[in-house]
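Student: Sequences and hints are given; from them, build the entire structure.
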Amino acid sequence: MAKDTAQKIRYDALVAHEYGPEDDRKTHWTRVGAGFSNADGKGINIELTPGIAVSGRLVLRVYEPKDKE
Numbered sequence: 001m002a003k004d005t006a007q008k009i010r011y012d013a014l015v016a017h018e019y020g021p022e023d024d025r026k027t028h029w030t031r032v033g034a035g036f037s038n039a040d041g042k043g044i045n046i047e048l049t050p051g052i053a054v055s056g057r058l059v060l061r062v063y064e065p066k067d068k069e
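Residue numbers (this note's numbering): 1 to 69.
This list has only true hints and no planted wrong ones.
Result set (DSS-like, lysine-lysine): computed pairs, CA atoms no more than 25 Å apart in a straight line:
1. 66 / 26
2. 8 / 68
3. 8 / 66
4. 8 / 42
Simulated from the structure, these hints should not be mistaken for lab results.
Tutor: Put into structure tokens, the structure is as follows:
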């Protein structure tokens, strides 16, 4: 991965909370921080929002800005 490309990738750090009856489970995603590619493209730095307790599964997804419409 090229340095320029690696530096431009941003991730949302999310925690999944499942709820509802077993036959109709739903997932609510809570954003708890952000991730940024290392300059060499071989890792990701994760910065969590201060004061938030995180447990379970942490998911990184490529950041996609929401439409302003």
